[in-house]
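Fit chain B to the supplied structure of chain A, relying on the hints for placement.
Chains as they are written, first to last, in this note's numbering: chain A, 18 to 265; chain B, 18 to 265.
Don't read these hints as lab results, they were simulated from the structure.
Treat the numbers as computed from the prediction; the structure is a model and nothing was measured.
We treat Cβ as the ideally placed atom computed from N, Cα and C, and that holds for glycine.
Mixed in with the good hints there might be a few duds.
What the hints assert, rightly or not - Residues on chain A that point at chain B, a partial pick, calculated with CB under 7 Å:
hint : residue
1    : TYR20
2    : PHE22
3    : ARG60
4    : GLY69
5    : PRO89
6    : ARG92
7    : ALA166
Number of protein chains: 2
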Amino acid sequence: MEYPFQIIGIIRSCFKEKFGVPRQPGLATEARATLELQPPYDRPESLTGLEGFSHLWVVFVFHQALRDGWRPTVRPPRLGGNRRIGVFASRSPFRPNPIGLSVVALEKIDTSSAGCHLHLRGADLLDGTPVLDIKPYVPYCDALPEATAGFASAPPEEVFAVGFSEVAEVQCAAREAAGNPGLRKLIEQLLRLDPRPAYCSRRSPDEDGKPARQFGMRLYDIDLRWRVEEGRVLVTELLAVPDAGTGG
Amino acid sequence: MEYPFQIIGIIRSCFKEKFGVPRQPGLATEARATLELQPPYDRPESLTGLEGFSHLWVVFVFHQALRDGWRPTVRPPRLGGNRRIGVFASRSPFRPNPIGLSVVALEKIDTSSAGCHLHLRGADLLDGTPVLDIKPYVPYCDALPEATAGFASAPPEEVFAVGFSEVAEVQCAAREAAGNPGLRKLIEQLLRLDPRPAYCSRRSPDEDGKPARQFGMRLYDIDLRWRVEEGRVLVTELLAVPDAGTGG
Chain A
18 MEYPFQIIGI IRSCFKEKFG VPRQPGLATE ARATLELQPP YDRPESLTGL EGFSHLWVVF
78 VFHQALRDGW RPTVRPPRLG GNRRIGVFAS RSPFRPNPIG LSVVALEKID TSSAGCHLHL
138 RGADLLDGTP VLDIKPYVPY CDALPEATAG FASAPPEEVF AVGFSEVAEV QCAAREAAGN
198 PGLRKLIEQL LRLDPRPAYC SRRSPDEDGK PARQFGMRLY DIDLRWRVEE GRVLVTELLA
258 VPDAGTGG
Chain B
18 MEYPFQIIGI IRSCFKEKFG VPRQPGLATE ARATLELQPP YDRPESLTGL EGFSHLWVVF
78 VFHQALRDGW RPTVRPPRLG GNRRIGVFAS RSPFRPNPIG LSVVALEKID TSSAGCHLHL
138 RGADLLDGTP VLDIKPYVPY CDALPEATAG FASAPPEEVF AVGFSEVAEV QCAAREAAGN
198 PGLRKLIEQL LRLDPRPAYC SRRSPDEDGK PARQFGMRLY DIDLRWRVEE GRVLVTELLA
258 VPDAGTGG
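Isolated chain A (complex conformation) (with noise of 0.2 Å):
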C-alpha cells in the first residue's frame, strides 16, 4: 500500500547546492529560508494562531535523495565516515520513504503580498526543497533535553576559526550591504563546522607538500571559494554566480 503524498509548499533559501548545508538546523542561526504555500493550500487562515509559536517543524522531501533509493546501513559524517549504522539509527537522507524532519525559527509571517510566506532562520535546507507538512513546536511534548542520544549526544565540534582575505572582505562588506544580512556570520558558522568530506578531512593536504585544496560552495548567488591553511579556514574570494537567478 502506498499513501501519495501532495506538496503542500516550496523553500526558498540560502542553499543552492547539498554542499556546505549544516547537518542538522539550528547549527547556523543565520541561514535564512522562506516557505512559499502552494496552492490551495496558500490560505491564510491555515496559518492562523502560528504567530505564538517561536519555532515549528518542517516535513519535507529530501528531493535530492529521491533517485538513490535507500540501504539498510549508512556511513553518517559524524562518524567520520567509515563506521555503518543502520539507516533507522540516522538522520541520512537515503531512507526508505525520503522524510526529513527540521526544526526552524519562526521570524515572521507573511500574508500581505501575493501568497503565504514563512521567513524562517536556523534552516538546514535546500532551496527548493518540497515541504508536506508545518506543525508547532510544543516544547512540553517535543523538548527532551535529558534524552540520551548516542553517537549523537553532543554537537559537532566547531574545528576551526574563520578568516577573510582582503579581497573576500571587501567582496562580503559589498554584499551584505547589497541584500544579504548577516552573510558573514553564516559564512563563519558554516565553515567553523568543516564541510569538508570525511575523506578530506581526515588528511591535512598541506602538510604532505602539496598546496592546500580550494574549496567552492554556492551560498545565494554567490561562489563561496576558501581553502583550509594553517589549521584554519581561509575564506579566499567571493564570486558572482553567472546564472544566478534563473535556479530555483
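Then chain B, alone, in the frame of chain A:
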C-alpha cells in the same frame, strides 16, 4: 506532483479506538506499543546503533483521518473545541497530508524472534497505525525547552482524581496479574486528563439532576467503563471485549 510513500512498519498498541488516546505523546508513560517493521524493511541491520538512543521519532499516517480530508482551520480540544485556529498551527490529524509526528521512549529492540520489533513507551498511537519513518531523537537539535508555544505552552491540566469501584479494583488486579502490567497506572494517566469530548466537559451532568453519563473506552481487550461523579472519575468496571484478538 505527488510523492508515493511506503509503509515501513505497523504500530501495535493498547489503544484500540480513537476515544481516550492521549492528545500528545509522553502524557501517559505507561502506554505501551510495539512497532513492527514490515517487509522488505524488516532488516535487523537497519536498526544498528539505535539502541544508544533513549527516544525516537515515529513519523506515521493518521489512517483514521484519511477519508475526512482537510480544512484550513480546526478547533483543537485544548481550546475547548470552540475556537478555530489554522491547521498548520495545530497538531490535528485532519491536515493536507495526514502525517503524524510523535516522540516515544525506546524500551527495547527485539530482532531475535521472527521480525524486527521496537518496544515503545509513552505513545499516543492507535493500534494499526502505519509508520513511514523512524528517526533517532537528537536532543542537541530537537530539544528546545525554551521555545514559546502560544496556546500550547503548558501540558494539559490533570483535571481529575481517579478512583476505582470495588469491582473494578478486583478486575484490574486480575488483568495486571494476567499480563497487562502497569494497567492501573495507565488508566489513571489517561482518565485524569479528562478524555471526554469538549461538549461534555463544559457541563456537569450530575449538577442538572440527570444521572452521570457512563463512558466506555477500549484499552487492550478491555472495555473500560467510567463516569465523572462528584468532581472525580470513578472507574466502574473492566469488561472483556467479546471479539478481542480478531481486531488489528
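### Message
Given a cut of 7 Å on the nearest C-beta pair, is the interface hint for ARG92(A) held or broken against chain B?
### Response
It is violated, given that the least Cβ distance between ARG92(A) and chain B is near 11 Å, above 7 Å.
#### Entry: Closest C-beta approach of ARG60(A) to chain B relative to 7 Å, hint status
The hint holds - ARG60(A) has a Cβ within 7 Å of chain B, the shortest such distance being about 4 Å.
### Query
Holds or violated: is there a CB of chain B closer than 7 Å to the CB of PRO89(A)?
4 Å, holds
#### Entry: Evaluation of the interface hint that places GLY69(A) against chain B, nearest CB under 7 Å
Status holds, d = 2 Å.
### Query
Was the hint right that ALA166(A) lines chain B, CB cutoff 7 Å?
Holds, about 5 Å.
#### Entry: Restraint satisfaction for PHE22(A) [CB to CB of chain B, less than 7 Å]
With a closest approach of 4 Å, the PHE22(A) hint holds.
#### Entry: chain B contact restraint on TYR20(A) - CB to CB distance below 7 Å
It holds, given that the least Cβ distance between TYR20(A) and chain B is near 5 Å, below 7 Å.
Going down the numbered hints, you'll see the structure goes against just number 6.
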